[in-house]
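Asker: So the chains spell out like this:
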Amino acid sequence: MTTHGPGTVLTARDLRKRFGDTIAVDGLSLEIRRGERVGIVGPNGAGKTTTLLMLLGAIEPDEGTIELVGEPLPGGRSRAMERVGFAAGYLPLPDRLTVRETLELFAALYGLEDPRRAVEEVLAELGITHLAPKATESLSSGQGTLVGFAKAVIHHPTLVVLDEPTASLDPDVAMRVRDRLEVMNAEHDTTLLLTSHDMREVERLTTRVVFLRDGRIIADGHPTAVVAEAGYPDLETMFLAEAARRRGEEV
Amino acid sequence: MSPTSRRRVAAMARRNLLVQSRNPGHWFLLLVLPLVDALLFGSIGVAFGEGDGPVELLVTGIILFHLIWQLTLAGSLGLLEEVWSRNLMNLIATPLTEREFMGALGVVGLLRTAVSISVIAVVGVGFYTVSPSSAGWVLVPSAAILLLFGWAITTFVVALTLQYGDSAEVFSWGTLVLLMPLSGVFYPVESLPAVLQPIAAVIPLTKVFSAVQEGLATGTVAWAQLAYAAAGTAVALGLAVWFLDRQMRRFRALGWVTRFT
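For the record, the sequence lines run as chains H and V.
For reference, each letter of the first sequence is one residue, going 57 to 307 in our numbering.
For reference, each letter of the second sequence is one residue, going 145 to 405 in our numbering.
Same shape as in the complex, but just chain V (with noise of 0.2 angstroms):
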């Protein structure tokens, strides 16, 4: 990346975070609502559970799934911010790439989740001390994988944007929503209904989190699901750059800059 480029990042990082940081929404889905989680999750397990175990597994669980949460939440939000002060022209007049334009919005996600997963872990340490890395290794590539599907939803999302506008802001939510109960974040997959079995097993996050689970259970990692979660990973990142770039040729084509005017 050149210096230039790198400028371009930084300056629509800095846009991002300034605009963030003066809207009262942003600062609550970024301290309150983790704040809210790591209380209810982690109250349920003392309340539920015997032993440490229960309390552990729901901290752990609602810490990894807030990687995904607030990465997609920085990159949804961070275009839908420009759609709705009509600010998307403005960019597209300037040398700003498509690929810096993701770039910034990934830098802002990875610092919202930074700053999220720290209150969740002070909350775990704090109230029910619990230690966020009770799981062990496997919290590292688990972390990274969650990450990149993350991304994944991020980059759907983004190009979903392009062409609903402000209509797909429920996207950002929904998608999330939709996976959190079937990717068994806090239970095994056999747990859900068997009609919803074969779909769970299916999501790379599934794996992730069953993973998790039994790192949390064994202290070992279980490389084979991992491996399976990596690829499922990969071929949704693959399928959503494709998508985006499929995205940007109708967006120029179809002359969509003209809705954001």
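Just chain H, with the same shape it has in the complex (with noise of 0.2 angstroms):
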């Protein structure tokens, strides 16, 4: 039974998640409604990673309770999944595949009824067409990541999760993959979860960022609404401030 309000696309309450002595997320509660843009950063060791590999299904908390799209946590991963996309700038494609047979993978795994016809259109609208006969491997990096970012939002997600999206990305690979997110979104109202160390882009491409620390929230709010009232010009200067703190910490 869906406990989450009408809008809302993803719920999660005090989560915690310890790994041995290191608490990696401690009472962090969310609740993201539809079509907001939402951004979580925060230095190194902060929990992001943790954060929305739970909010995936791929990790469970040690206390607390998730809902995805509708579906409780875990019982309902593989439905909430149906109407999910993930990608990581840091993963790699499924090795000896085409493009075009790693994305008919995909959609068929997502429960596309016809997955030809889905990465044909999800190719063109990437601009794309030219790199479906090409094997993964021998993508650049650049060309890898749009694939997986088609292979994330081949059957028209309401959540798009995007860790680094545009991690080792050259600015025109990165700006094509912003401008196809921001379209999703205006068009189609997706909604869109990303982590990301480029402030900027965090700034650009979100209207929502949680900021954590050792685990906890400690600011959530409109980027420059968030800036502001931690006394910051910008993301970026809390970011390293942030991360030097933790630093100091460590030492």
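No lab work stands behind these hints: they were computed from the structure.
One or more of the hints may lead you astray.
[Said to hold, decoys possible] Some chain V residues close to chain H (C-beta under 8 angstroms, calculated; not the full set):
(1) V163
(2) V227
(3) S229
(4) R230
(5) I236
(6) A338
(7) M392
(8) R396
(9) V401
(10) T405
Note that CB positions come from ideal geometry on N, CA and C, so glycine has one too.
Dock chain one against chain two, each of which comes alone in its own frame, and use the hints as you go.
Answerer: Structure below.
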């Protein structure tokens, strides 16, 4: 039974996760509404990736509950993932397949009835139809990221989750990915949830920033409001100050 | 199984078949290894035996052993391919369920098994005039039990791979290398050193191969031995499924997925 409100895409309540002596996530609660563009930021070790992996059902929280597109996790994970797309800049594509075969595989895994048609459509939308017959191992880093992005949005998901989506991309490809995300959000009300170390990208792409420190939310709001309230000129300065604070603690 | 679920199983099976067909190592394991085994054991039978009996025993034994071997290889290498290409997280972030993933490995395993035993059967018929069905009807229940036992090993190796990654590769080979001499594929277990015989006696495979050897010798079906083997296999399968379920829970609880990203 769904417990989150109408228009809510994701509800996480009081999530806690510990790995040995390390507390990765400590009482995190989050509600994301349809069409929001949310960035989870924080220095290394703040708990971003653990949070994302818990929200995707890949890691089980020690405590707390998650409801993803109306499905409680972990029981409803498979049904939920039919409406969620995921891409990470650091994840390679499966090897020994062509781009077309890779996208057909994921289209079928998402349950699409006509994977071939879906592949042609997403390739055309992203302007990468020419890559279809290429082996995934032969793609450049930027081409691979674009195909990985195509894989994540081929089924027109309600929620797109992106972990470092434009890491190590050249500016042109990064811009194409950002443009596509903005179009999806504007035209289809697609909800975006991303992590990134590129604070300019976060400021441009998101309408809401969730700033993490030691697995806890220390700020949550529009990027402009978050930095103003914290007394910084921009998000990057805030991020650097937080990273320096963490380094000082570690020393 | 829903149509969507069937599509996912078919898509993963296709993925496995495409990957394996483009890897020369898989062709070697699928075609060359059974060919070599058939020639090796067939020729040993001709050289050291009298009449058709020894050749029939050795060729039938190697056909049956490849039933388990290829199924286990398809299962363990199917997951290892995803580990090697760091594709596990991509798959986890889709609706694919563990059962669908395992189902696809099973489909590919059965196809590999069919190809592999066909190669041995062709060599047996063509070079040694041995019919692959010499043992008679005992082969039908025996093959079914062997496939189920092979699936238990596959499940066990998959569960280990979730924890140890590609370090678990050795188990996909090692388990069967251990079982081959102990289960008396080509000889009665009484031929084993006395200290090993009690171990061999509790392995379900031993009873299957013993029943097949009896079928070859007398043309009868040793139902009591097959029933023992079926019960042992059911226990092994139950333990393997329990272990995989436990490992999957630990995989999620301990965040093992981060080892594969």
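Asker: Please go over all the hints and tell whether each is borne out by the structure.
Answerer: Hints and how they fare:
| no. | hint | result |
| --- | --- | --- |
| 1 | V163 | holds, 5 angstroms |
| 2 | V227 | violated, 11 angstroms |
| 3 | S229 | holds, 4 angstroms |
| 4 | R230 | holds, 5 angstroms |
| 5 | I236 | holds, 5 angstroms |
| 6 | A338 | violated, 48 angstroms |
| 7 | M392 | violated, 10 angstroms |
| 8 | R396 | holds, 4 angstroms |
| 9 | V401 | holds, 5 angstroms |
| 10 | T405 | holds, 6 angstroms |
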